[in-house]
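> Read off the chains here:
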Amino acid sequence: MATLESTEKPVSRKNYNLLFSLTLVGLLVALCAILSIATNTFATGNNIANLLRQGSMIAVLSIGQTFVIITAGIDLSVGAVVGFATVIIASLLQAGFPVWLAIIATLLVGLAIGVFHGFGIVKMGLPPFIITLATLTSLRGIGLLMTNGATINITHQGLAQFARDSFLGIPNLFWMVVVVAAPAYLLLEHTKWGRYLFAVGSNPEAARLSGVNVSKLIYLAYCVSAVSAAFVGVLLSARLGVGNATQGDGWELQAIASSVIGGTSLFGAVGSVQGPLIGAFILATINNGANLLNVNSFWQRIITGLLIIAIVYFDQLRRRGK
Amino acid sequence: MATLESTEKPVSRKNYNLLFSLTLVGLLVALCAILSIATNTFATGNNIANLLRQGSMIAVLSIGQTFVIITAGIDLSVGAVVGFATVIIASLLQAGFPVWLAIIATLLVGLAIGVFHGFGIVKMGLPPFIITLATLTSLRGIGLLMTNGATINITHQGLAQFARDSFLGIPNLFWMVVVVAAPAYLLLEHTKWGRYLFAVGSNPEAARLSGVNVSKLIYLAYCVSAVSAAFVGVLLSARLGVGNATQGDGWELQAIASSVIGGTSLFGAVGSVQGPLIGAFILATINNGANLLNVNSFWQRIITGLLIIAIVYFDQLRRRGK
Amino acid sequence: MTTETLASTVSAVPILDLRDVEKQYGPVRALKPLTLSFMPGEVHAIVGENGAGKSTLIKVLTGVVKKTSGTMFWRGTEVSLENPADAIAIGINAVHQEVVLCPHLTVAANIFLGDEVLKGGLLRKKEMITRAQAILNDIGFDIPADVQLGSLTIGQQQLVATARASVRGTKFLIFDEPTAYLTRQEADQLFKLIRRLKADGVTIVYISHRMEEVFELADRVSVLRDGNFVGTRNIDETNNAELVTLMINRSLEQIYHKEKVAFGSEVLSTRALTGTGFADIDLTVRQGEIVGLYGLIGAGRSEFALSLFGRNPSTSGEIKWHGKPIAIRDVRTAIDLGIALAPESRRDQGLNLNLPISLNINLPVYDTLQRGLTLNHRGEIDRAEKQIRDLAIKTPSRRSLASSLSGGNQQKIVIGKWLNHGAELFIFDEPTVGVDVGTKAEIYRLFGALLKRGAAIIVISSYLPEVYELADTLHVFRSGKQVGTHTYREKTEEEILALAIGV
Amino acid sequence: AEDVTIPVIVKDTTSYYWQIVLAGARKAGKDLGVSVPELGAQSESDINGQIAILENAVSSGSKAIVIAPTEYTALGAPIDQAAKSVPIVGLDSAPNSQALTSFLSTDNVQGGRNAADALAVAIGEANGGKVEGEVALIKALAGSGSVDARVQGFEEQLAAKYPGLKLVYDKVADGQAATALNMTTDLLTANPNIKGIFASNLIMAQGAGQGIAENNVKDTVALVGFDSDDKLVGFLKEGVIDALIVQDPFRMGYDGVKTAFAVVKGEKVEAKVDTGVSVITTKNIDEARSQELLNPKIN
Ligand SMILES: Nc1ncnc2c1ncn2[C@@H]1O[C@H](COP(=O)(O)OP(=O)(O)OP(=O)(O)O)[C@@H](O)[C@H]1O
Ligand SMILES: Nc1ncnc2c1ncn2[C@@H]1O[C@H](COP(=O)(O)OP(=O)(O)OP(=O)(O)O)[C@@H](O)[C@H]1O
Ligand SMILES: [Mg+2]
Ligand SMILES: [Mg+2]
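Line by line, the protein sequences are chains U, L, P and E.
If you count the first sequence from 1, you need to add 146 to reach our numbering.
If you count the second sequence from 1, you need to add 146 to reach our numbering.
If you count the third sequence from 1, you need to add 54 to reach our numbering.
If you count the fourth sequence from 1, you need to add 59 to reach our numbering.
Just chain U, same shape as in the assembly:
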């Protein structure tokens, strides 16, 4: 609530962000430390690799989502885009297209979806919630229609191998997070486009008066989100070896949650790349730990909910304390 933020002290945004990520890292480290003591399997190379693989997809999604949230928008379609993208790439591969072409085509489909969202928001004046909810619904329908609800088997082996392999001891899937996060970080923090994204989220009127092309930036944000989601679709299809339109169900909420845990404000103009990334891995660690500790899956839900509250509350406290 804006109410509660009004008492915030003047703090330079930069230092604040750094400190915030540090504390989130602290939390993640604490979680890992506890799990290393509680189980003798957590701190094994194999498990860490698993953890990195498991968190990577939501991490990429949450980075894209963060771009959108910074503009005070929201992208509910990302889960559906992931599922749809697995269908696209699987179909293309099975139709005999080379991998690189199939990947590019899938990303272009993501781009088209992002452009459509931008168009709906900028030109048609639709609220982001509505246009992306509509896409969510429709895309699942289109994906199911294309496959008739079935799974498309990807026979191409290279892709699956890639998803399983590691490079320098770190799973390729995690490298893909780096591949997305590094340019995203650069874009957000070190280019004028990034700055304009914050400006648009903070006060679109001010941005417009400064000559910023607000529409273009909204296109940009939704394209980043949709292309990230399509990319996650590529990764997921590689990991699963199939294309299936129902995959990625509910991932939009996980991505948004990761982003918010990572310090992004749903009111816009507050967010980073590192925050959501850590948020995603905190969630992945909770799940991984619960599995290792053999926590009943129902309890696991309850605990996840409570931990989300605890983490964000803790963060609020720290912010106010400063």
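To be clear, the hints were calculated from the coordinates, so they are not data collected in a lab.
Glycine included, every Cβ here is placed at the ideal spot set by N, Cα and C.
A few of these clues could be false.
What the hints assert, rightly or not - Using 16 Å as the maximum straight-line C-alpha spacing, the simulated EDC-like pairs for lysine to aspartate or glutamate come out as follows:
#, chain 1, residue 1, chain 2, residue 2
1, P, Lys545, P, Glu523
2, U, Lys338, P, Asp169
3, P, Lys314, P, Asp526
4, U, Lys338, P, Glu170
5, P, Lys180, U, Asp461
6, P, Lys173, U, Asp311
7, E, Lys220, E, Glu193
8, U, Lys338, P, Glu523
9, L, Lys362, P, Asp421
10, P, Lys179, U, Glu335
11, P, Lys120, U, Glu351
12, L, Lys362, P, Asp384
13, L, Lys269, U, Asp461
14, U, Lys269, L, Asp461
Unchecked claim - Part of the chain L face toward chain U, derived, beta carbon under 10 Å:
#, residue
15, Ala218
16, Ile220
17, Gly266
18, Leu272
19, Ile277
20, Thr281
21, Gly295
22, Gly396
23, Val406
24, Phe413
25, Asn442
26, Leu452
27, Leu453
Stated by the list, open to error - Computed spacing ranges between beta-carbons, pair by pair:
#, chain 1, residue 1, chain 2, residue 2, range
28, E, Lys89, L, Leu254, 36 to 42 Å
29, P, Lys180, U, Phe308, 39 to 45 Å
30, U, Pro244, L, Ala456, 34 to 40 Å
31, P, Asp390, U, Thr169, 38 to 44 Å
32, P, Arg425, L, Val324, 22 to 28 Å
33, U, Ala176, L, Val324, 51 to 57 Å
34, U, Val245, E, Asn354, 51 to 57 Å
Could you slot chains L, P and E with the ligands onto chain U? The hints should help.
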């Protein structure tokens, strides 16, 4: 986006709302007219009764949701509360409690959830998105834990009969919408609390400096939403004759969509009771029509998405045109 | 380019020429066909009542809104300004009436927004901060460049907006009531800046409700009334009375006046009151008395007022209400006691911008409008209509959104919503910011009526002539401390100013 | 042998069916003295989630793993991978992998065929022996392996044996009973001549059954459900549901763990076991075997 609203013309809110609902009603009527021509079963008493039953639950949810959205918040937990409430009432009934007591207890559970949300937002400073997302996750866990994933069969016949019966030719379930909508309308439009809700959504600081107890109103909004959801749980358990923790999945998005289709702004301070109601029945009519026309389930999704875009776009056009 | 250099050397060619420019917002004719020229290098003042169309004119000139009809010539060639970027591109910049910057960005980022310093496509953040700091220092504004804008007071934000507009290769710079939130000292700095820009050949358009500023700065002045262009005068061929008459179509004798009202019993007093932003404040306010608080931006007056109103409760010291010690822990307590506060920032604290005027005006009194289960709609309507009438709020309907009003008319709501509240102590924080001369007189008359009813008033103002003339007792604040207390006209304005600055 | 850990990974822990599988596994764990972590994704369509759980189970040092693969292709490679470190016993549906040490399954395709047969019988009884008319299908989920197999069997059998029955309505209700109920009422409105409905899982049968009860058409519209619980048995007894196709999830879970433990101990096990599908109607409901299937000892 705030950008796009800045060009809005000054139009009196009241007339505007009336006109807006009229046009939505117009849309609903148009939909019904088309379906009456396209099928010979739509315009039968029996089908209209079905339609009223089918739309009633989302309608009640969307009214509650609207209270929250007017304060610039969001309640993602409502679907989970519905499922959880079916479990509560089913357990109580099977444990031999009288119906009235079971209903009251279930509504009280809803109230407690609403109070918890208010507490999280007001006292703990959590964003509404996060606290209600956490409740969504946890409540499903608790419900599953209580039932072990099973369905609780409600052997009490009166409740099921009630859900099936009609009064003055109109299904009881629809009367329940009236039972919720009428006081909600009164509260929102004809009491100071209603005015305060708008004020809080528009500018909480200005509201506070005008003597409005902002915290209390946030509690109020989330309690209305959660109690409405618990009430829908009661209705659903009556209609299905079972309690099951996984029911109501995704209904939060449907409720929010209905609310937004009905003219509520996710930025707060704009909304009504009649709008979401009509929004919910527009969605129900689309589904009912698609079922009657035997549209393939996959196409049905695509069409629903496109119609949502069309309806909201049409509404934007009309607003700007004025 | 040759035409451009040619045009600028021939001073007879207007830099900007408007022919029959008109602007309508739906049914509202904010600007009726207007023909007006701006000459290169002049300071051109624009005056007019609230809602006369001044800001609308500025918005048309800067491409913020599109004109409904008419033509515009920039150095002799027709231009169509579709959006702010077009205006910026040809060198038109503005400091708008409402501070329109990004609260989440740093001061430096705001100053360079849309014009970032880049190297290899990447932002030079450090350099921008250094340069922004240099700009601020150069102009003489004491504001750190690396903090978030939102953490500054509204006055400081206004200065940042000014700094920002003046450094971007501007050839035509518009100020829409830039001194509304500035003290005399800051205003002087601003004037220095304006003269410097003028010397550099920049054309300045200057909008203000303060006549002395117009006479101090302007070469020519144009008057708008009700969206109509009334006339342009050379500054040395006109006077205050003539301008006021042109503006409001009648003459106005006494602007600052406080009606003589006998003081009654003490309403509120504080002893050594301390809180965030202020310390050790002792003051007393009696029935029939106006207590003025004067100081520079950030002197702690608003914080002090907010603590009396229970928004940010004080941390130590004592408050007495009618002689009895009390604690004011929240706003409700203050209102129930009989304290009313018209806050400083209408945008952030005073108004619910996207709600109807009626709701805004009635917000503090809905308690009394609730009859049993429902609301007394008649009473709600009557009260809104009465305030709109009494304060001459210019609007088509009580149902219009507050955001559709001109700045001054918005300010009237902020004040109006408390007027019939029946409070015993009124605190007005910068009550006449952006209010035109006629309405100002009206507001002062309302103060008089309140006093006669037995109320007490605290007025906070950064506009010294106002508090100087209004206040029976004037307290001067500096950096959160009370540095002087004087009765009416006990000291000269210069002495008070010196005290506030601390020289 | 408490230090032997044999996790069981099901498709969807929130479903009653899989809870019964887990109950069977739990019982086996107690009987055999092995620890049996009960794992699974939270939705049948969450393939990625199940793979993650499998990976975690491998790295947490299990002696053997029992898994019900949620998707044929996608689980193939991960199971191959896992089988390099521990023996894997498959349940319910097959993965695309040759690495399973043993595989205990329900033949869902056969279940679908049985459903078609049962529906035909019920329609015949209600229409004086004439097995013809329009029938409908309500699916729980799109893209779920076991549902697809049932549907496949159902459609094949209709085509092969009951040319008089025409499938005119085929819908997906996204796992929501209320949606299945709405679809059923709309179906009955649009096609008053409908003769029978096949609801592809427990929740669908609950919704469809409620729809039939609500519209009072239990004598004219036949309904066959898949899986069972109290609610559905109630419907069966009232005549709302004509037949339930039930599997033996308890045994599947029990035998799954038992087999896996045998593998751990180095014993020889059957490569393939069919745990069977049964059709339950009012005629055989009181038989001991039926009661055993309908009332698994879940706790
Ligand atoms: N967005 C808008 N929609 C409708 N009417 C508007 C809008 N903006 C301004 N107006 C109307 O246009 C008229 C002129 O407003 P403008 O803001 O130009 O006045 P102004 O001269 O700047 O007054 P002030 O001194 O109070 O700032 C007013 O009647 C105002 O209510
Ligand atoms: N939330 C806060 N926390 C800490 N210090 C604050 C806070 N808000 C304001 N201040 C500081 O308190 C001091 C007084 O600010 P205040 O706004 O009361 O000044 P003022 O005299 O009313 O001036 P202005 O004309 O700007 O309103 C300033 O130094 C300001 O920076
Ligand atoms: Mg103005
Ligand atoms: Mg102040």
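> For every hint, state whether the structure bears it out.
Hints, verified against the model:
| no. | hint | result |
| --- | --- | --- |
| 1 | P:Lys545 <-> P:Glu523 | holds, 12 Å |
| 2 | U:Lys338 <-> P:Asp169 | holds, 9 Å |
| 3 | P:Lys314 <-> P:Asp526 | holds, 10 Å |
| 4 | U:Lys338 <-> P:Glu170 | holds, 7 Å |
| 5 | P:Lys180 <-> U:Asp461 | violated, 28 Å |
| 6 | P:Lys173 <-> U:Asp311 | violated, 38 Å |
| 7 | E:Lys220 <-> E:Glu193 | holds, 15 Å |
| 8 | U:Lys338 <-> P:Glu523 | violated, 49 Å |
| 9 | L:Lys362 <-> P:Asp421 | holds, 15 Å |
| 10 | P:Lys179 <-> U:Glu335 | holds, 10 Å |
| 11 | P:Lys120 <-> U:Glu351 | holds, 15 Å |
| 12 | L:Lys362 <-> P:Asp384 | holds, 14 Å |
| 13 | L:Lys269 <-> U:Asp461 | holds, 14 Å |
| 14 | U:Lys269 <-> L:Asp461 | holds, 14 Å |
| 15 | Ala218 | holds, 7 Å |
| 16 | Ile220 | holds, 8 Å |
| 17 | Gly266 | holds, 7 Å |
| 18 | Leu272 | holds, 5 Å |
| 19 | Ile277 | holds, 6 Å |
| 20 | Thr281 | holds, 7 Å |
| 21 | Gly295 | holds, 8 Å |
| 22 | Gly396 | holds, 9 Å |
| 23 | Val406 | holds, 5 Å |
| 24 | Phe413 | holds, 8 Å |
| 25 | Asn442 | holds, 8 Å |
| 26 | Leu452 | holds, 6 Å |
| 27 | Leu453 | holds, 8 Å |
| 28 | E:Lys89 <-> L:Leu254: 36 to 42 Å | holds, 39 Å |
| 29 | P:Lys180 <-> U:Phe308: 39 to 45 Å | holds, 40 Å |
| 30 | U:Pro244 <-> L:Ala456: 34 to 40 Å | holds, 39 Å |
| 31 | P:Asp390 <-> U:Thr169: 38 to 44 Å | holds, 41 Å |
| 32 | P:Arg425 <-> L:Val324: 22 to 28 Å | holds, 24 Å |
| 33 | U:Ala176 <-> L:Val324: 51 to 57 Å | holds, 52 Å |
| 34 | U:Val245 <-> E:Asn354: 51 to 57 Å | holds, 53 Å |
Checked against the numbered hints given earlier, this structure breaks hints 5, 6 and 8; the rest are met.
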